[in-house]
Amino acid sequence: MTDLVQQDVRTQETRAMSVTATKSRYQSAEFSDRLRRRYAAERRFRLAGMAAVGIASLMLVVLLGSIVGKGYTAFWQTQIRLEVTLDKTQVEEGNYMPVLRQALYAVVPEVTDRAGRRSLNELLSSGAPYQLEAMVKANPSIVGTKQTVWVLADDEVDQFMKGFIRRDVPESERRLNDIKIGALDKLAAAGAVKSAFNTTLFTAGDSREPEQAGIWGAIVGSFLTLVVTMLLSVPIGIAAAVYLEEFAPKNRWTDLIEVNINNLAAVPSIIFGLLGLAVFLGFFGMPRSAPLVGGLVMALMTLPVIIIASRVALKAVPPSIREAALGVGASPLQTVAHHVLPLAMPGILTGTIIGMARALGETAPLLMIGMVAFIVDIPHGLTDSATALPVQIYMWADSPERAFTERTSAAILVLLAFLILMNGLAVFLRKKFERRW
Amino acid sequence: MQITVLLLVLVLLTVIGFQLGRSRAAASVGGRTVELHSVPSYHGFYVALWAGLPALLLFALWSASEGWMVMQMVLAGLPDRLTQVDAQALSLLRADILNLAHGVNTGREPDPAVAAAAEQYVRLRSLGDWSLLVIGSCLAMGGLLYARGRITPDLRARNRVERTVNVALVICSLVAILTTIGIVLSLLFEAMRFFAVVSPIDFLFGTHWSPQMAMRADQVGSSGSFGAIPLFAGTLLITAIAMAVAVPVGLMSAIFMSEYANPHLRTWLKPILEVLAGIPTVVYGFFAALTMAPFVRGLGQGLGLDVSSESALAAGIVMGVMIIPFVSSLSDDVINAVPQSLRDGSYGLGATKSETIRLVVLPAALPGIVAAVMLAVSRAIGETMIVTMAAGLTANLTANPLEAVTTVTTQIATLLVGDQEFDSPKTLSAFGLGLVLFLVTLTLNMVALRVVQKYREKYD
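Each protein sequence line maps, in turn, to chains P and G. Each residue of the first sequence is one higher than the one before, starting from 1 at the first, in my numbering. Each residue of the second sequence is one higher than the one before, starting from 1001 at the first, in my numbering.
Because the hints were derived from the structure by calculation, they are not lab data. Given the structure is predicted, the values throughout are model-derived calculations rather than measurements. Please note: incorrect hints may appear among the correct ones.
[To be verified] Restricting the straight-line Cα-Cα distance to at most 20 Å, the calculated cross-link-like pairs of lysine to any residue (SDA-like) are: (1) G/K1270 / P/I420; (2) P/K162 / P/A196; (3) P/K431 / P/I420; (4) P/K315 / P/P235; (5) P/K162 / P/P400; (6) G/K1426 / P/L281; (7) G/K1353 / P/K146; (8) P/K194 / P/P235; (9) P/K250 / G/P1271; (10) P/K250 / G/L1174; (11) G/K1270 / P/M50; (12) P/K431 / G/L1366; (13) G/K1270 / P/F428; (14) G/K1270 / P/S57; (15) G/K1454 / P/L256; (16) P/K315 / G/L1359; (17) G/K1270 / P/R430; (18) G/K1353 / P/K186; (19) P/K250 / P/R175; (20) P/K431 / G/L1269; (21) P/K137 / P/S66; (22) P/K146 / P/Q131; (23) P/K431 / G/N1166; (24) P/K162 / P/V111; (25) P/K431 / G/K1353; (26) P/K186 / P/R175; (27) P/K431 / G/T1267; (28) P/K88 / P/D33; (29) G/K1353 / G/M1374; (30) G/K1353 / P/T148; (31) G/K1353 / P/P235; (32) P/K432 / G/L1174.
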């Protein structure tokens, strides 16, 4: 029945159209041409949008891919097994290097000339004797006996074993000469070369020798800096946010403070470094390269971030909560301390963690206050000379050795792991405690 | 050591003070706490504040002035031949004493008088720390006993505590102002010293930058030359390249994410941009120097172009990538703020989605987008690590993106890293550059805020 009616209507329409004109303007060739062009423009616009998102994603993939690709090999390093005879007199004199070298010469007895032996010497890391020394110190009874030890190989040997130094290039252009490669082949054939997990990277401080260089010193430095930053910026930031959001009268002064905070958030980080250099080092005479100063500068830098995030969190608490508390006789301060602040805490924490993550990745202000020094020792206190993880990355990135490039990428991976951990925590907190009113 | 002990003592006394105050207040009314003016815990806070605050203030003042006072005492004890010298030698002497006192090896045999002074310095410092510990503890104890003695049922403990807390809150919110004042004063002060040597006109309009200072007075080119135009040009070039990457990509991603992407796609795309925003700049710098620069160079050589290994193009592109999420998230906000009714009206007239966006949404959001771009420019100008690692150090006055240029931030970083001297025009010039950088970024931020406020269309 309905079908019939519709058909009827349709036939009436066609009839009406054929009466007025053969074609309406909506069916003209110009119109459909225009429509086609408009739809093509629509598709192009949409594609441009997709391309933009695609470029951003591609850059992220390339960036992370290139760093992982360069860095993953740094988590392993080459060790060489040697049969050493711990001669009593040499041990007492602390001459561990000759002990190791004798053992190495014994592996390739055919190399006897000075130049050849010097090449052999370069197979071992200059840190190898310290490994042996530590072994003897731990167990003095092994002096005078024959022992099997695994010692660190030189970074170039390490690069060769990882395949970054190719053996098919002519000897003159190769970092490792034929004598070294011959000795290594011999050692490898005897199973005396292995690739072990690179514990040095996670336990040592900086070093000029890539195979002995680690990021532990930088991690401790970063940690100390962050502790100072947190202890200062979190209480001050929350207090400032509470004042501005809950107590401050609306007048020119508070407007000034607000504008000020917004501007501070956009000041380039290197300017904060200049401030630290001129005020904390120059005026107050604080020590250079100290995590204390680094933390102070970072605290001033993250303060606006924390204030802004805390204000947003405080603003999200509905006024009814405040009115109820005031209604039962709480003082304004009690209202804030007992009700508003606890409810805003998850948001404040999230903002704080994100601010701390930013401070952890920040480099430029630390360069200004001298945390860019070559420091081998692990810092023990807030005024010890220290460096920080991003600064360590900056310094290693300058080193020409391939082995340092590898370690730079590894250090970046560690830094990114920390950042992901912190941001993950922030997301988790937000998800767990998020509250809609 | 003594300082740690003092802080521990203070924490302990504050906690004890709180407990004592609370129990005393309750005891003063025989446990009927309704008769008190304030709840007992306010009496606790009252005593705790009296125990902690004065000692803490003393501690702050003491540690700010102790080093200086001890140094004056030590200097007063030195023979005149060492102390009756010009300011520069005196500051050197101070540094020597400090180095010796902290056991830093200066590499030269110290003057016996200076060595004795250093010993005296260490002795006085330790004496000072001990007396601070004793005086601080006594002060805290005294404050505690005084406040405890004042507890009566009528004591307006709540009002007093709240007033103190209020003052503390105001002080905390003033830290931001103090920081700004500190920045302005330190930059101005050091820049003034620089401009006393190099005229501001030469600095702002000179076209030759080579800040080397002479070791000897008769050396060729001993004065150095501080014409900052090449640095400004380099900064502008790299910023322009960065903007050419970041603005189209960032804006189009924002449009795609807010207008086209379905919620499912959005949940995947948003984190990608957030990760891009969270990557530290030093990582971008490493990427620019070791991956992007060789790639750009290789590409240029493939096309027969001569590309510098530290080309402005590589640094600019990577900086652009860094700024994409910044532009995108700011534009996303302003695009979402355009009311739906405008879009609906446009659709009702038969416009396609892209026409609606181009002709209705973007014009409505334009002030916000302009502000976002200005903030992004200010970010790019102030960015340090990417250019320090990937752009060059040679001050070229060129508009060719394939050549190496240097920027303001790169120069600040390289002029001040590893330099202990604080009075040569070379290091001071960094503060001159810093002042320019601060003023430019500040102006950009202020103008961006003004643009948003002034030109925002109000639809509701």
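Results for each hint:
{"no.": "1", "hint": "G/K1270 / P/I420", "in the structure": "15 Å, holds"}
{"no.": "2", "hint": "P/K162 / P/A196", "in the structure": "12 Å, holds"}
{"no.": "3", "hint": "P/K431 / P/I420", "in the structure": "16 Å, holds"}
{"no.": "4", "hint": "P/K315 / P/P235", "in the structure": "18 Å, holds"}
{"no.": "5", "hint": "P/K162 / P/P400", "in the structure": "18 Å, holds"}
{"no.": "6", "hint": "G/K1426 / P/L281", "in the structure": "18 Å, holds"}
{"no.": "7", "hint": "G/K1353 / P/K146", "in the structure": "82 Å, violated"}
{"no.": "8", "hint": "P/K194 / P/P235", "in the structure": "51 Å, violated"}
{"no.": "9", "hint": "P/K250 / G/P1271", "in the structure": "37 Å, violated"}
{"no.": "10", "hint": "P/K250 / G/L1174", "in the structure": "16 Å, holds"}
{"no.": "11", "hint": "G/K1270 / P/M50", "in the structure": "13 Å, holds"}
{"no.": "12", "hint": "P/K431 / G/L1366", "in the structure": "33 Å, violated"}
{"no.": "13", "hint": "G/K1270 / P/F428", "in the structure": "16 Å, holds"}
{"no.": "14", "hint": "G/K1270 / P/S57", "in the structure": "10 Å, holds"}
{"no.": "15", "hint": "G/K1454 / P/L256", "in the structure": "18 Å, holds"}
{"no.": "16", "hint": "P/K315 / G/L1359", "in the structure": "35 Å, violated"}
{"no.": "17", "hint": "G/K1270 / P/R430", "in the structure": "16 Å, holds"}
{"no.": "18", "hint": "G/K1353 / P/K186", "in the structure": "71 Å, violated"}
{"no.": "19", "hint": "P/K250 / P/R175", "in the structure": "70 Å, violated"}
{"no.": "20", "hint": "P/K431 / G/L1269", "in the structure": "18 Å, holds"}
{"no.": "21", "hint": "P/K137 / P/S66", "in the structure": "42 Å, violated"}
{"no.": "22", "hint": "P/K146 / P/Q131", "in the structure": "16 Å, holds"}
{"no.": "23", "hint": "P/K431 / G/N1166", "in the structure": "33 Å, violated"}
{"no.": "24", "hint": "P/K162 / P/V111", "in the structure": "25 Å, violated"}
{"no.": "25", "hint": "P/K431 / G/K1353", "in the structure": "34 Å, violated"}
{"no.": "26", "hint": "P/K186 / P/R175", "in the structure": "19 Å, holds"}
{"no.": "27", "hint": "P/K431 / G/T1267", "in the structure": "14 Å, holds"}
{"no.": "28", "hint": "P/K88 / P/D33", "in the structure": "97 Å, violated"}
{"no.": "29", "hint": "G/K1353 / G/M1374", "in the structure": "27 Å, violated"}
{"no.": "30", "hint": "G/K1353 / P/T148", "in the structure": "75 Å, violated"}
{"no.": "31", "hint": "G/K1353 / P/P235", "in the structure": "48 Å, violated"}
{"no.": "32", "hint": "P/K432 / G/L1174", "in the structure": "33 Å, violated"}
Of the numbered hints listed earlier, those contradicted by the structure are 7, 8, 9, 12, 16, 18, 19, 21, 23, 24, 25, 28, 29, 30, 31 and 32.
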